[in-house]
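Student: Respectively, the protein sequence lines represent chains A and B. Numbering (our numbering) for the first sequence: 224 to 438. Numbering (our numbering) for the second sequence: 390 to 739.
Read the hints as simulated data drawn from the structure, not as lab findings. Be aware that one or more of the hints could be misleading.
Claimed, not checked - Taking beta-carbon pairs under 10 Å as the criterion, some of the chain A residues facing chain B (in silico): (1) 343; (2) 359; (3) 410.
Model, not experiment: these values are computed from the prediction. Yeah, the Cβ is synthetic: ideal placement off N, Cα and C, and Gly gets one too.
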Amino acid sequence: MLATIAAVVAVAIALLLSYGKRLLKSNVISSSVSIASMGYAVPGTVIAVGVLLPFAWLDNTIDAWMREHFDFSTGLLLSGTLFALVFAYTVRFLSVSIQAIDAGMGKIKQSMDDAGRSMGLSPIRVLKEIHYPLMKGTVLTALLLVFVDVLKELPATLIMRPFNFNTLAVRAYEMAADERLADAGAPALMIVLTGLLPIILLSRAISHSRAGEKH
Amino acid sequence: MSFLDVQNTSIAYGSNTVVHDISIQLEKGEVGCLLGPSGCGKTTLLRAIAGFEPITHGKISLNDNVVSQVNNILSPEKRRIGMVFQDFALFPHLNVADNIRFGIRHLKRSEQKQRISELLSLIGLEKMRSRFPHELSGGQQQRVAVARALAPKPYLLLLDEPFSSMDVELRGELAREVRKILKQEQITAILVSHDQNEAFAMADNIGVMRDGKLQQWDSGYNLYHRPTNPFVADFIGHGVFIDGVVTDENKIKTSLAPLEGVVPEGCKSGCKVKILVRPDDILHDDCSPRTALIIARSFRGANYLYTLELEDGTQLFSLVHSHHDHEVGERLGITLEIDDLVVFPETLTI
Chain A
224 MLATIAAVVA VAIALLLSYG KRLLKSNVIS SSVSIASMGY AVPGTVIAVG
274 VLLPFAWLDN TIDAWMREHF DFSTGLLLSG TLFALVFAYT VRFLSVSIQA
324 IDAGMGKIKQ SMDDAGRSMG LSPIRVLKEI HYPLMKGTVL TALLLVFVDV
374 LKELPATLIM RPFNFNTLAV RAYEMAADER LADAGAPALM IVLTGLLPII
424 LLSRAISHSR AGEKH
Chain B
390 MSFLDVQNTS IAYGSNTVVH DISIQLEKGE VGCLLGPSGC GKTTLLRAIA
440 GFEPITHGKI SLNDNVVSQV NNILSPEKRR IGMVFQDFAL FPHLNVADNI
490 RFGIRHLKRS EQKQRISELL SLIGLEKMRS RFPHELSGGQ QQRVAVARAL
540 APKPYLLLLD EPFSSMDVEL RGELAREVRK ILKQEQITAI LVSHDQNEAF
590 AMADNIGVMR DGKLQQWDSG YNLYHRPTNP FVADFIGHGV FIDGVVTDEN
640 KIKTSLAPLE GVVPEGCKSG CKVKILVRPD DILHDDCSPR TALIIARSFR
690 GANYLYTLEL EDGTQLFSLV HSHHDHEVGE RLGITLEIDD LVVFPETLTI
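Generate the whole structure from the sequences, applying the supplied hints.
Tutor: Structure, rendered in structure tokens:
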């Protein structure tokens, strides 16, 4: 569930970034895409701490402001919620989706965009009505890749998860840490199985699209 | 005001100006062509007319509306233009009918249907309506691309080197076919090409471009017979320049023969000039006392193209009926028949 949300968010951002880069060809956008991709190189723990600090600051500021003006404490709004967790996942795995989407978009020739524009489509409708149908497979691939990665992610989840909230990876880790190896097996197997499913789907989709390209 | 009016337009990428101060006009229903070697800026100008490139000087108006000014560009989707691309850019996931439908999906279903059938019969592909682009030949894809661009009834159709990926025989045929369609639908169009035969087959007016500058905007006939500068003379058709000296008003002495024709302004007696001689200006005549040495020949089917050399080393081309089979090293009797003499001052170079 969490992995699905994170995957959708990461892929949506990747689509926008990638298309922005293509549309505007500005240095600012391409360098911001490069910066956005750097998250993959940073360990999950570092990202977790890095994300927590500004969120905590934001929460405290909002809280202080609310208390001052309305005499009402909001407490911690964002840190320690699923929102913060999804945000961290997105930072961490954005590069996975950007790479997949970039590669897919690179295969679509510029003249396709121009053809769409000359037939009265606005840039955003070009993305929706030309790019998206042409790279459905790529979008699916990107979704699955991020999904699997998030499913297995441990360090950031451990730090940032809300109380009483467990992912499969956390569960397996806790059991293993307590040396209840038999109990750790179930969630671990679940990860392997859910991880396997996309791979099967993926390779089928890829061989499908290969067959489609031949013609 | 003309239907399409490009006024003193310049286009630059950073400090690199690729199109310099070009003005062209097209009336409704006319077909124009931008012709030139690759890298001369013709595609950039076409993309500026489409609205894909900003301009740095001048303005472009279409159907009495200014569409491009410096810092104020109407976006391509609002210009009502159709565009046909070098690689056709058909949508691979849509069949022929749906590709044509793409630009008219806002119309009523019945109107869509009617327009699609209309266009399919225009391009002669009624039976291919549910085929996918990859199942069509290059020529068929090209025609679908034209139909797709015409479907929304654009003010202006832009064709970017539309025949360059086809083999030579197909090119001429398709060019004539597309011209027929354009004339039938009374479409104003601009074609970009580096192939003059394509330009001659398609266009009413042709602009020869070089290094971002328009050299001459004229009919094909005038470009060939009345080029305004040596570059156009050299670029259009075959030909060589021979040296001459003006001896009297309208009289020029050359190593080939004395010639008569209009001499460039300011050229007095004794002025050195260059004269354009095309292969079809030199006729073969066995009885002629004037002969030239054959130094090369190439067989062209109906003709031989002979390369001839005069006593002073001047080289000429001559197009001769292929029944007159002469060997290299023979001397060929020639006469000169030039209707419009094209003369440039010697100082003008290509």
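Student: Is the shortest C-beta separation between residue 410 of chain A and chain B less than 10 Å?
Tutor: The hint is violated - residue 410 of chain A has no Cβ within 10 Å of chain B, the shortest such distance being about 41 Å.
Student: Hey, does the residue 359 of chain A contact hint survive, CB to chain B under 10 Å?
Tutor: 9 Å, holds
Student: Taking the closest Cβ pair, is residue 343 of chain A under 10 Å from chain B?
Tutor: 5 Å, holds
When held up to the earlier numbered hints, the structure conflicts with hint 3 and nothing else.
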